[in-house]
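Colleague: Assembly of the complex is requested from the two constituent chains, each provided in isolation within its own frame, with the hints serving as guidance.
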Amino acid sequence: MTRNILLLLSVAILCMYFAIAACAPFIAPYTASEITGAPLQPPGNGHLFGTNQVGQDIFSQLVYGAQITLVFGFGSALLSVAISTWAGTVLGYYGGRVDEVVCRILDVMMPIPTFPLLIVLTAFFNPGVIQVSILMGVLGSIHGIRLIRAPALSLSQTPFVEGAKSIGASDFHIISRHILPNLMPIVTTKFVSSSQHYLVMGVGLSFIGLWDTMTVDWGSMIQNAYAYGALSLGLWWWILPPGIAVVGISLALALAGYSLEEIFNPRVGVNRI
Amino acid sequence: MIDGQYLLRRIGYSGAAFFVCVTITFFILHLMPGDYITNYLLSLSNTLPKEAVEQFYQQYGLDRPLPEQYMIYILNILQGNWGYSYQYGLPVFPMIMEKLSWSLVILLPATVTGILIGTVLGAWSGWKSGGKKDLALFNIMIVFRAIPEFWWAIMAVWIFAFYLQWFPLGGFTSISVLTSGMDPWDVLYHAILPIGLMASFIAAGNYYVMRNSMIAVIGEDYITTARAKGLDERAVLWRHALKNALLPMATMTTFQIAGIIMGNVFIETVFSWPGIGLLTTEALSIRDLPLLEGIFLLDALMTIGAMLTADILASYLDPRIRMGGHD
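Residue numbers (this note's numbering), protein chains in the order written: chain Z, 41 to 313; chain A, 174 to 500.
Simulated from the structure, these hints should not be mistaken for lab results. Where a beta carbon is used, it is the ideal one built from N, C-alpha and C, also for glycine. Careful: at least some of the hints might be erroneous.
[What the hints assert, rightly or not] Simulated coverage check for chain A against chain Z, where a stretch passes if three residues somewhere in it have a Cβ under 8 Å from a Cβ of chain Z:
#, segment
1, 343-353
2, 447-460
[To be verified] So, partial list: chain Z residues that the calculated Cβ filter (under 7 Å) puts toward chain A:
#, residue
3, I152
4, P156
5, L158
6, I248
7, W277
8, A294
[Unchecked claim] Under the rule of at most 20 Å between Cα atoms (straight-line distance), these lysine to any residue pairs were calculated in the SDA-like manner:
#, chain 1, residue 1, chain 2, residue 2
9, A, K301, A, L419
10, A, K305, Z, L46
11, A, K306, Z, L110
12, A, K301, Z, I45
13, A, K301, A, D405
14, A, K305, Z, I45
15, A, K305, A, I315
16, A, K306, A, K402
17, A, K416, A, R400
18, A, K301, A, A319
19, A, K416, A, T398
20, A, K301, A, V285
21, A, K416, A, P447
22, A, K306, Z, T229
23, A, K305, Z, N44
24, A, K301, A, L235
25, A, K306, A, V382
26, A, K223, A, P240
27, A, K305, Z, E302
28, A, K402, A, L419
Pulled out of the complex, with its shape left as it was, chain A reads as follows (with noise of 0.2 Å):
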């Protein structure tokens, strides 16, 4: 169970890492070599207008001396304003929130879909370890899960779109959108090849720690115990094992959902996919610090959160764990 003046702290040290996450990525963001004007502005045109170069500097505040700048940017991000992006004018949350959405089509699905069948696949395969069919699918599992994501998704791209012309080779819609509007099939139809590679992926993930956990579990006491009393192995499988088993899968699950957040840049770079991954590499190019500070702010409370909520939801499911229970 949870000790009420530790999770005070927990929450304490999770504030403190967000600031110390945000005061970073500010600091390393404004001393980067380069700039907006040298990085992508002079590369378009090689004559800029000194006094459109001044008015640029001091529309986004970049005249100040940079900790008065740190100073605005913590009070504006305190009071929920996360900036204007310097390559779109526009203001950044609600930027990161359509390119958010685009990330969430293909990775909500393929999170989802991976975690539930490398779940179920990983308890068959421990609670079977040793057989043939389990070895079988552990190597398949970890030859699977040994290649990079990026080459599966470049292979998949050259076998299912180019060779057997199944899929588009990239994007999210056909260029019909234009005449016909967004058809959500047809975003489907986009979305089929980039989701079922990260599904599987992300259950040879799973599956991998889901039986280990299950190997774990059933060389514990109590399952000897249920079997010696007589329990059908049935009841030993759902009644004992697998609860146990499945703890673990708690912590994992928690943080890949908030890893969604992220976006995958390789998948989305190999599919020209729109999405969060894609608009962190574009703004890193030109040097869009907003944007990049928007985007960074976001992760960083996602996996900030992801944590603390792992823990609570560790110790609530096995009293065993005491939240903090050595100190």
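One chain only, chain Z, in its complex shape (with noise of 0.2 Å):
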């Protein structure tokens, strides 16, 4: 029962925060780089959260910075998930010559060391939200493509498979009908579970500078709070209201991957009462 319940909890959260991003411009009092006041007031005042060493609001820029939080967060994660299982069933079901060439490839690739190389990749690309999303997607997908490779492969030999090929059901019908459903399970687990990876990884980059310092995210807030010394200082308001954000919704993303994980895996959860 608590399995559930803590999905639909960790689901409603999630909705919380897509809305909250979607509606930004309808909450947001201000825009997230427009100078509204005296620097570093105190909560109050038309500002909800105070404002910063420059004199934006805060309140705004948390409300702003929810939309690119979760591009970079939800967005890797879809890019990631979809050219792993597309590139994974496909592999795995036709099998031959470019199987194994791809295979030999994913085997030279495996172990370059992805967080070096995403650090160089993201300054090398003028470092915006979105060549940051695809270049964490895109990374990721190659340990993606191996997870649902294997069990591609052995769901294009079960005998409900065979079946449908022998009474000449065609390639895109076996895969879209009989093989994606059944990876279903795999897939959504995984993509639940990279998502709350590539927003933490996200937030940490942009927490240690090295992306666009411009662009206004949960990650760049706490770097400029915490670079500014809003701790020693006193100003919790400046940044905590960031560092909340973040911790909530990557705890609603884990709490909904362990459970997913629990409702798809019945071994795991077989003790849990």
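Modeller: Structure below.
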């Protein structure tokens, strides 16, 4: 029972984040980069969380930052899962020469350390949100293809697929009606866990200042507040809101991921009553 | 067991991966917009004498065509010459080793204790799975792991160093180092907070894997058999369950130990710890190419080595895994 409640709760939290991001222009009183008043104001006086060191409204930055953070979190996860599902299914189903060549290439690509490569590539492509999301998605799919290919391969040798073939079903029909539905549990779980992973990684990259510093997202807000000594000056309203926002969505995604894993993989959850 | 031919092929792949990695980093770094002069020196002074710039390019061979630079670079690293840093003018390898030793001061104890604590707790939790204590621990670990590491670090600095003032705000030694020399106790005093934090974070990750592996093993038929033939629970745990449940941990710990080399950018940034992670971001922002190439070379070497080691280790520990069995 608990896992269903947890799953619903985390989905509700995620919906709230998406709603805030989608309605940002209606919720936020100012734009993210607009200078709205005296710098370093405490909360109140039209500024829910006060203002930062140049007088930008922290609440508005938080609301607009949700858009950026959600785009790179879910965008890169979507891209990565889409590439790995497509490539994994096609390779696993058709096999043959192409499969062998791609697997050899993956063998060579697998040991390449992802995180340093990501840092270098981020610096190389004039780092904007879209570029970083695409990079994270493409790099992440290297491991994902392997993950999807193995079950796709074993599914394509099952009796029901052979049966479908024998009555003359087309490859497209078999893949879309018989193989993909059976892969959905893995794909969904992978998508949720990758979103959490990429979201935290993106916020982290932006926290260590490897992005375009003009883009306001939660990581750069935390970095900005931290670098200007918000903690030692006691300006908690500057650094806590973006931090709590990141923690909230990361927790919701993690809980959703674990609940899904328990639902799809009953053995992990068999002892959990 | 390991098939000799397969092992040779794996070593071949690893070599190819290393070569690909070195090539990618070389070309990306050299084609990157901005260089040391434009990104760093020009920010210090607006006018640089043209001769000085030309001499810099010539000294580091940057005036030659890129393919030639690449050939020279490959030949040099094969001979163990990793180049000279632009900013410091020092050989790259000793520089990296110096920063790496500072990273190791916090990462080595953190990784070892983290792995031990995580494995023990995970084994216990998996063995007792379903109980109240297991569920409580499991939920705590999930929540702990879900929160970004750098946010924990910021909160730790805020609470323990700023409000409670139990620990220093950052850095690796007190100012007294200038008069009385380096004091190991002083370094330890600065290191406790980052070590504790990273150890808990690593422990939470290992806990999850170990717990899952333990639960999977408990469901196996041979555990039922062991119980059915009347073995007492302790023998089942120590002789049958634990040994098998530890198998996936071998792979995981190999990677974690290799990962020490990369440092921890987030922890080092928050605690101003002068390790390899901080060196990387600094070198990247001022475009110190030889230094960056050196760091990535080391990273690639360690990751690729770890992957090979993990595979060999797994097939020795579990004879059922014949390395490359399926092909």
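Colleague: Would you mind marking each hint as holding or not holding in the structure?
Modeller: So, going through the hints one by one against the coordinates:
1. Only residues whose C-beta sits within less than 8 Å of a C-beta in chain Z count toward coverage, and the segment 343-353 of chain A has 0 of them, not enough to reach three; the restraint is violated.
2. Proximity of the segment 447-460 of chain A to chain Z, defined as three or more residues with a beta carbon under 8 Å from a beta carbon of that chain, is established by the 4 residues found.
3. Residue-level restraint check for Z:I152 holds (minimum Cβ-Cβ distance to chain A is 5 Å; threshold 7 Å).
4. Hint on Z:P156 holds. Least Cβ distance to chain A is approximately 5 Å, under the 7 Å limit.
5. Residue-level restraint check for Z:L158 is violated (minimum Cβ-Cβ distance to chain A is 11 Å; threshold 7 Å).
6. At its closest, the beta carbon of Z:I248 sits 5 Å from a beta carbon of chain A; the interface hint therefore holds under the 7 Å criterion.
7. For Z:W277, the interface hint is violated, since its Cβ never comes within 7 Å of a Cβ in chain A; the closest pair sits about 13 Å apart.
8. Given hint, Z:A294 at the interface with chain A, holds; its Cβ is 3 Å from that chain's nearest Cβ, closer than 7 Å.
9. For the given pair, A:K301 sits about 16 Å from A:L419 by alpha-carbon distance, which is consistent with the 20 Å threshold.
10. Distance hint between A:K305 and Z:L46 is fulfilled; the C-alpha atoms sit about 17 Å from each other, no more than 20 Å.
11. The hinted pair formed by A:K306 and Z:L110 fails the criterion: a straight-line CA distance of about 35 Å is larger than 20 Å.
12. At most 20 Å may separate the alpha-carbon atoms for a hinted pair to count; A:K301 and Z:I45 exceed this at roughly 24 Å.
13. As the CA atoms of A:K301 and A:D405 are separated by approximately 16 Å, the hinted pair is consistent with the 20 Å bound.
14. Of the supplied pair hints, the one linking A:K305 and Z:I45 holds, its CA atoms being roughly 18 Å apart against a limit of 20 Å.
15. At most 20 Å may separate the alpha-carbon atoms for a hinted pair to count; A:K305 and A:I315 meet this at roughly 15 Å.
16. Restraint check for A:K306 and A:K402: the C-alpha separation of about 29 Å exceeds 20 Å, so the hint is violated.
17. Distance hint between A:K416 and A:R400 is fulfilled; the C-alpha atoms sit about 16 Å from each other, no more than 20 Å.
18. Straight-line distance between C-alpha atoms of A:K301 and A:A319 comes to about 23 Å, which puts the hinted pair past the 20 Å bound.
19. Between A:K416 and A:T398 the alpha-carbon distance is near 16 Å, which keeps this suggested pair within the 20 Å criterion.
20. Proposed proximity of A:K301 and A:V285 is contradicted: the alpha carbons are some 24 Å apart, above 20 Å.
21. Proximity of A:K416 to A:P447 is assessed by CA-CA distance (about 39 Å); at most 20 Å being required, the pair is judged violated.
22. Between A:K306 and Z:T229, the direct Cα distance comes to roughly 26 Å. Violation of the 20 Å bound is thereby established for this hinted pair.
23. For the hint pairing A:K305 with Z:N44, the CA-to-CA distance comes to about 19 Å; that is within 20 Å, so the pair holds.
24. Distance hint between A:K301 and A:L235 is unfulfilled; the C-alpha atoms sit about 62 Å from each other, more than 20 Å.
25. Pair hint A:K306 plus A:V382 holds up; C-alpha atoms about 18 Å apart against a cutoff of 20 Å.
26. A C-alpha spacing of about 25 Å is found between A:K223 and A:P240, which places the hinted pair above 20 Å, so the restraint is violated.
27. In summary, the hint linking A:K305 to Z:E302 is supported, as the alpha carbons are separated by about 18 Å, within the 20 Å threshold.
28. A threshold of 20 Å between alpha carbons decides the hint, and for A:K402 with A:L419 the separation of about 23 Å lies outside it, so the pair is violated.
Hints 1, 5, 7, 11, 12, 16, 18, 20, 21, 22, 24, 26 and 28 from the earlier list are contradicted by this structure; the remaining hints agree with it.
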